[in-house]
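S.K.: Sequence:
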Amino acid sequence: MLATSLFDYELPESFIARYPAEKRDGSRMMVVDRKTGEIEIHPFSDIPDFLSPGDALICNNTKVLRGRMYARKEGRSDGARFEILLLEPVAGKCDTWNCMLKPGKRAIPGTAATLLNADGSLNTRDDCFTVETRNDDNTFCIRFSTPDIAYLEACYGHIPLPPYLRREAENSDEERYQTVYASQKGAVAAPTAGLHFTPEILEKLRAKGVNIGELTLHVGAGTFKPVSSEYAENHQMHYEDFFLPESTAKLINDTRKNGNKVLAIGTTTVRVLESCCDENGLISAGSGRTNIFLYPPRKPKGEDMLLTNFHLPCSTLLMLVSCFADREKILNAYERAKAENMRFYSYGDCMLLK
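Each number in the numbering used here comes from the position in the sequence shown (counting from 1) with 22 added on.
Hints are computed from structural coordinates only; laboratory data are not their basis. As the structure is a computational prediction, the values presented were derived from the model and not from experiment. Any given hint might turn out to be false.
[Stated by the list, open to error] Per label pair, the in silico range of CB-to-CB distance:
#1 Asp148 to Ser251: 15 to 25 Å
#2 Lys321 to Tyr41: 44 to 54 Å
#3 Asp158 to Gly114: 16 to 26 Å
#4 Ser99 to Asn363: 26 to 36 Å
#5 Lys230 to Lys279: 19 to 29 Å
#6 Lys323 to Lys127: 40 to 50 Å
#7 Lys321 to Met23: 17 to 27 Å
#8 Pro131 to Pro34: 26 to 36 Å
#9 Glu357 to Arg98: 24 to 34 Å
#10 Asn160 to Gly308: 48 to 58 Å
#11 Asp68 to Lys360: 20 to 30 Å
#12 Thr155 to Lys57: 44 to 54 Å
#13 Lys321 to Gly48: 12 to 22 Å
#14 Lys323 to Gly231: 45 to 55 Å
[Unchecked claim] Under the rule of at most 27 Å between Cα atoms (straight-line distance), these lysine-lysine pairs were calculated in the DSS-like manner:
#15 Lys57 to Lys247
#16 Lys226 to Lys247
#17 Lys57 to Lys95
#18 Lys279 to Lys207
#19 Lys230 to Lys95
The beta-carbon is built from N, C-alpha and C at its ideal position, and this holds for glycine as well.
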């Protein structure tokens, strides 16, 4: 049994990056040799130097929903105020969504609430929702007055920043909390390792002969769920929708067949690849839902390198990263990151495991 406490570490709040670097590629990158644990610190813009012609870079093209909304119960300015976090649409019903609602105790089935404008005022277009059911996992099923979710996002939606940033989304987050290659809307959180890339860096990689492939994993709210069980094996992982196209599967298989390396951008990319590979590392295209939970002593089979941000203590993400190198090497790298005053979490610096 793998004790959750083995992945704990101390992190003063001062290390949490509450805002992104001034420029997308302005973060620092810790480069860790997976075998030796040797560490170097580079600017992120050096990343082309660590790839060779014929290597492949695989990224997650999911796009974050403007899925945080606010409402007042019964359309009254003094009614109970709800905070909504959209999770996913209910199959076959464009106007019905599973979501998180606060305060949940007031969200009994049949409750109606009017959506709030950006300034907190009640909208005058009768845009509202009704609570349908409370789900077994304490999320809710709600039905909107319109099936036009793009309209609702535009009028009432906010980018759902992670709770540890402890601030409301600002105008700049509309751009900076999306990757430059985001195209498939459906995530409630960004695949943050990809936030560092700019079109210019991607072009430099292509010019060097690095092939770029995309896949989709719609990051769910469960990515922030702490591991509360004493042992990792007892943690129940959440499901997330994914799509791995044939072109990307072929790129990965051909790359490795030719003796080149595959770099996965972020833990979400790894989760898809490890869900779609066999024991020999052969990748098969596919789509569906995955709740794969990766932790030591499992070793990655579908990728050779990983770019990732610095993750929360005792998190499933930190456990996944520890599959690429010994847990001791990873935690040592985290201590070095603190000594170097590197920035942690979604808007922070990154680590390249090579």
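S.K.: None of the hints should be skipped; say for each whether it holds.
M.R.: Hint check results:
no.: 1; hint: Asp148 to Ser251: 15 to 25 Å; in the structure: violated (45 Å)
no.: 2; hint: Lys321 to Tyr41: 44 to 54 Å; in the structure: violated (36 Å)
no.: 3; hint: Asp158 to Gly114: 16 to 26 Å; in the structure: holds (20 Å)
no.: 4; hint: Ser99 to Asn363: 26 to 36 Å; in the structure: violated (46 Å)
no.: 5; hint: Lys230 to Lys279: 19 to 29 Å; in the structure: holds (20 Å)
no.: 6; hint: Lys323 to Lys127: 40 to 50 Å; in the structure: holds (45 Å)
no.: 7; hint: Lys321 to Met23: 17 to 27 Å; in the structure: holds (19 Å)
no.: 8; hint: Pro131 to Pro34: 26 to 36 Å; in the structure: violated (43 Å)
no.: 9; hint: Glu357 to Arg98: 24 to 34 Å; in the structure: violated (52 Å)
no.: 10; hint: Asn160 to Gly308: 48 to 58 Å; in the structure: violated (30 Å)
no.: 11; hint: Asp68 to Lys360: 20 to 30 Å; in the structure: holds (22 Å)
no.: 12; hint: Thr155 to Lys57: 44 to 54 Å; in the structure: holds (51 Å)
no.: 13; hint: Lys321 to Gly48: 12 to 22 Å; in the structure: violated (33 Å)
no.: 14; hint: Lys323 to Gly231: 45 to 55 Å; in the structure: violated (25 Å)
no.: 15; hint: Lys57 to Lys247; in the structure: violated (30 Å)
no.: 16; hint: Lys226 to Lys247; in the structure: violated (36 Å)
no.: 17; hint: Lys57 to Lys95; in the structure: violated (57 Å)
no.: 18; hint: Lys279 to Lys207; in the structure: violated (33 Å)
no.: 19; hint: Lys230 to Lys95; in the structure: violated (56 Å)
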